[in-house]
Amino acid sequence: MTRFLTPALIAAALAAAATPSLAQQSLAQQSPAQQTQARETVSPAALRAVMACKTDTATRRAYQREFGAAPVFVTAQEAVAARENGQRWSTPRCMTEHQYNRLVASTQTRASL
Numbered sequence: 042m043t044r045f046l047t048p049a050l051i052a053a054a055l056a057a058a059a060t061p062s063l064a065q066q067s068l069a070q071q072s073p074a075q076q077t078q079a080r081e082t083v084s085p086a087a088l089r090a091v092m093a094c095k096t097d098t099a100t101r102r103a104y105q106r107e108f109g110a111a112p113v114f115v116t117a118q119e120a121v122a123a124r125e126n127g128q129r130w131s132t133p134r135c136m137t138e139h140q141y142n143r144l145v146a147s148t149q150t151r152a153s154l
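Counting from 42, one number per residue, gives the positions in the sequence shown under the working numbering.
Any given hint could turn out to be false.
[As the list claims (entries may be wrong)] DEER-style ranges, computed between Cβ atoms: (1) G127 with A99: 31 to 37 Å; (2) N142 with A111: 19 to 25 Å; (3) Q118 with T96: 24 to 30 Å; (4) N142 with D97: 15 to 21 Å; (5) Q105 with T148: 25 to 31 Å; (6) R106 with N126: 26 to 32 Å; (7) H139 with F108: 29 to 35 Å; (8) Q149 with R102: 21 to 27 Å; (9) W130 with T98: 29 to 35 Å; (10) G127 with S147: 24 to 30 Å; (11) S147 with T98: 29 to 35 Å; (12) E125 with T98: 30 to 36 Å; (13) G127 with Q149: 29 to 35 Å; (14) A103 with S131: 25 to 31 Å.
If you are wondering where the hints come from, they were derived from the structure by calculation, not from laboratory data.
Keep in mind the model is a prediction, meaning the values are calculated, not measured.
Every residue, glycine too, gets a C-beta built ideally from N, C-alpha and C.
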C-alpha cells in the first residue's frame with residue numbers, strides 16, 4: 042500500500058499544481074458554451090488513473106460510493122495498451138496488488154532503458 046501511496050500523492054500534487062493554470066489558459070480561448078462543457082468534463086489525469094484495489098465487498102462498495110460505478114479491473118498489460126492507444130476512462134480502473142506491482146516494475150524497466 043505504501044508503494045502506491047507515495048507516487049499517488051506526488052502525482053496528485055503535480056496535477057493539482059498544473060491544472061488551474063492550464064485550465065485558465067484553455068478556457069480563455071473558448072466560447073462561453075465550450076467553457077461550460079469543459080467544466081463538466083473530467084480532468085485528463087483522472088481519465089487514465091489506475092489504482093490498486095482489493096476484491097472484497099467493502100472495497101467494491103466504497104469504490105461505487107466514491108465514483109458512482111462498479112470497479113472495473115484491468116491487468117498491467119491492458120493498462121499499458123490503453124496508454125499506448127490513448128484510451129481514456131471516466132472512472133479510475135482497478136488492479137489487484139500483483140498486477141499493480143507488475144505495472145510499476147514495467148515502467149521502472151522502461152525508465153532504465
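message: Given the hint of 21 to 27 Å, is the C-beta distance from Q149 to R102 inside that range or not?
response: The hint (21 to 27 Å, Cβ to Cβ) is violated, given that Q149 and R102 are roughly 33 Å apart.
Cβ separation of E125 and T98, checked against the hinted range 30 to 36 Å: Hint holds: Cβ distance 33 Å, inside 30 to 36 Å.
- request: Confirm or reject the claim that S147 and T98 have a C-beta distance inside 29 to 35 Å.
  value: 30 Å, holds
- prompt: Does the hinted range 29 to 35 Å hold for H139 and F108 at CB?
  reply: 22 Å, violated
- request: Check the following: the C-beta atoms of G127 and A99 are separated by a distance inside 31 to 37 Å.
  value: 34 Å, holds
query: Does the Cβ distance between Q118 and T96 fall inside 24 to 30 Å?
result: 19 Å, violated
- request: Determine whether the Cβ-Cβ distance between R106 and N126 falls within the hinted range of 26 to 32 Å.
  value: 30 Å, holds
task: Kindly confirm whether 19 to 25 Å is satisfied by the beta carbon distance between N142 and A111.
output: 24 Å, holds
field: Satisfaction of the hinted span 29 to 35 Å by the C-beta atoms belonging to G127 and Q149
entry: Since G127 and Q149 have Cβ atoms about 23 Å apart, the given range 29 to 35 Å is violated.
- prompt: Does the Cβ pair A103, S131 satisfy 25 to 31 Å?
  reply: Given about 18 Å between the Cβ atoms, the range is violated.
- prompt: How does the Cβ-Cβ distance of Q105 and T148 compare with 25 to 31 Å: does it lie in that range?
  reply: Since Q105 and T148 have Cβ atoms about 28 Å apart, the given range 25 to 31 Å holds.
task: Mind checking the hinted window 24 to 30 Å against the Cβ distance between G127 and S147?
output: The hinted range 24 to 30 Å is violated for G127 and S147, with Cβ atoms some 18 Å apart.
This entry does not satisfy hints 3, 7, 8, 9, 10, 13 and 14, going by the numbered hints stated previously.
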